[in-house]
Amino acid sequence: MSVNGIVEVPAKKERVMQFGIFSVSDITTDPTTGHTPSENERIKNIVTIAKHAEEVGLDVFALGEHHNEPFFSSSPTTTLGYIAAQTETLQLSTATTLITTNDPVKIAEDYAMLQHLSGGRIDLMMGRGNTGPVYPWFGKDIRAGIPLAIENYALLHQLWREHVVDWQGKFRTPLQSFTSTPRPLDGVPPFVWHGSIRSPEIAEQAAYYGDGFFANHIFWPKEHTQRMIGLYRERFAHYGHGDPDQAIVGLGGQVFMRKNSQDAVKEFRPYFDNAPVYGHGPTMEDFTRETPLTVGSPQQVIDRTLGFRDYVGDYQRQLFLMDHAGLPLKTVLEQLDLLGEEVVPVLRKEFAALKPAHVPDAPTHASLLAAKTAKEEVSA
Amino acid sequence: MKQRTLVVVSSGLSQPSSTRLLADQLAAATVADAAERDIELRVEVIELRDLAHDIMNNLLTGFPPANLRKALDAVIGADALIAVSPIFSASYAGLFKSFFDVVDKDALVDKPVLIAATAGTARHSLALEHSLRPLFAYLRAVTVPTSVFAATDDWGSDSADGFLQSRVSRAAQELVTEIDRREPVEIVDPFALNHSFRDML
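As they're listed, the protein sequences go chains A and B. Counting in the numbering used here, the first sequence runs from 895 upward without gaps. Counting in the numbering used here, the second sequence runs from 1124 upward without gaps.
Since the hints were made in silico from the structure, they are not lab data. Among the hints, a few may not be true.
Unchecked claim - Chain A is faced by these chain B residues, among others (derived, beta-carbon under 7 Å):
| no. | residue |
| --- | --- |
| 1 | N1180 |
| 2 | L1183 |
| 3 | T1184 |
| 4 | F1186 |
| 5 | P1188 |
| 6 | V1311 |
| 7 | F1314 |
| 8 | L1316 |
| 9 | F1320 |
| 10 | M1323 |
Claimed, not checked - Below, simulated SDA-like cross-link-like pairs (lysine to any residue); rule was C-alpha separation at most 20 Å, straight line:
| no. | chain 1 | residue 1 | chain 2 | residue 2 |
| --- | --- | --- | --- | --- |
| 11 | A | K1116 | B | F1186 |
| 12 | A | K1000 | A | R1055 |
| 13 | A | K1064 | B | L1183 |
| 14 | A | K1116 | B | L1183 |
Computed from a prediction, not measured in an experiment: that's the story for all the values here. Even for Gly, the Cβ is constructed at its ideal location relative to N, Cα and C.
Construct the entire structure; sequences and hints are all you get.
As structure tokens, then:
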């Protein structure tokens, strides 16, 4: 919490790399039982899952935003605020916040509010959203997705950094003498990641601002992620924010674990075969080979995850998709136990040992505040 | 001697297939004609049957598995294309269409293409004009005027020197003319931005 402008953050948050989970908030029938959770059941479950993520020692919980069935998470700040009140150290984030169809003024207000209430434990991941019909519901057009992402974020960035804003753009009504309230906690805007699966413009945007870049890393082969991250790192340096290996990179990932690898394969297969997005397509073996999906023992997950560094370099945040495709709550919580107890402690140690000193740690409110204070002392 | 790349896409389903037979004849005639004009053609044949599962998986997942990626890269890097499909139910084979559904929409812009088809009877011949030609027009390829259709009759013993052969030669000549007057294809990096971010702001 913030006391006299000094933020006490548990030492845990100073960790080199952050590990956590992200949820797309899908309501999917469990293919093994035929059970479809109600919205209420799934919403309650997500709170349980987030709290358990903290209990098992994970750092981050990120929640998606959707405005269409079969997803429940239309109002992520409400959910994240509720979770913030019941957790102590968990960093809360989004996956993603729709920078295209949301009003950037409302994003500035909502997330600054959440930042205050959570004691600085929030950041955001910006995304465009890929569902065409959603855009017109908010008076927008998917064909303007990139220009919307660029203009809206430029305004959001300004609202969090300038007290009084005069602004005029193409997509929203102009602002005259507008102040977004509350102001960011300690004058430090929430950290922003930009997520995109395939648009180099978004990697460029992240690089331009010196923000983080998050690669979904679930649906596409690693070569693709490698190119996107490579582009972002190169452009991050081009815009003068540091060396390419000092850019702030996050990766998604997807795992299913059991102590015995064959048990994991057997149990996860019906969920894989019927999953939204890739179900009824490639075999689980094909998809495991072609993408970063790992189904097996905790040790296999450790080995595969450590390998991500070989093609993206040292990175700051690793999020796993855990609660999708109709997996029951009990299973998801067991997966979190394995992640928190067996996988992440090893990953923390191994990644930290490999990381050179000049590569920044994962950004937190405390680290951003320290950087701001140091900068102000230099200029004073 | 100029060096260029010719990619042949064949979507015959049986093995051996008359679609592949026609594709090979067209490729051979194109290579021979090109050689006469001092162009060395490197030929790569893509049998879509071998990629059938990968193509469907790409449609379902949004990304090409490794072998299909290689085929798509070959199409992108080709200086010319020969595309041959059997005619099923009055149009190209679904496999043929599905392959071009996962080819990047800009991959064929200004690329010379020779279209050809096979079927049981000559009554299907106009499928080339009402199905294949519009498909490649949409993809903004440069489809040569002569398309080549081969029905079962054309493979008969008395047609070795017949009408099919003259069409194959003419189509090959037209394709080589288009290859000859172009610079080698330039591959555009999909990750490259062609404008600065400040201009986009």
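Status of each hint after checking the structure:
Nearest Cβ of chain A to the Cβ of N1180 (chain B): about 4 Å, under the 7 Å cut. The hint holds. Checking L1183 (chain B) against chain A: minimum C-beta separation of about 3 Å stays under 7 Å; hint holds. Taken as an interface hint, T1184 (chain B) checks out: its beta carbon lies about 5 Å from the nearest beta carbon of chain A, inside 7 Å. At about 5 Å, the closest approach between the beta carbon of F1186 (chain B) and any beta carbon in chain A falls short of 7 Å, and the interface hint on this residue holds.
Given hint, P1188 (chain B) at the interface with chain A, holds; its Cβ is 5 Å from that chain's nearest Cβ, closer than 7 Å. Interface hint at V1311 (chain B): violated, since its Cβ lies 12 Å from the closest Cβ of chain A, which is beyond the 7 Å cut-off. Below 7 Å, beta-carbon pairs count as interface contacts, and F1314 (chain B) has one with chain A at about 5 Å; its hint therefore holds. Among the interface hints, the one on L1316 (chain B) holds; its C-beta lies about 5 Å from the nearest C-beta in chain A, closer than the 7 Å criterion.
Below 7 Å, beta-carbon pairs count as interface contacts, and F1320 (chain B) has one with chain A at about 5 Å; its hint therefore holds. The beta carbon of M1323 (chain B) comes within 5 Å of a beta carbon in chain A, closer than 7 Å, and the hint placing it at the interface holds. Note on K1116 (chain A) and F1186 (chain B): the hinted pairing holds, with a Cα-Cα distance of about 11 Å set against a maximum of 20 Å. Distance check on the hinted pair: K1000 (chain A) and R1055 (chain A) sit about 15 Å apart at the alpha-carbon level, within 20 Å; holds.
Distance check on the hinted pair: K1064 (chain A) and L1183 (chain B) sit about 36 Å apart at the alpha-carbon level, beyond 20 Å; violated. With a CA separation close to 18 Å, the supplied pair K1116 (chain A) and L1183 (chain B) stays within the 20 Å bound.
Of the hints listed earlier, those the structure fails to meet are numbers 6 and 13, in rising order.
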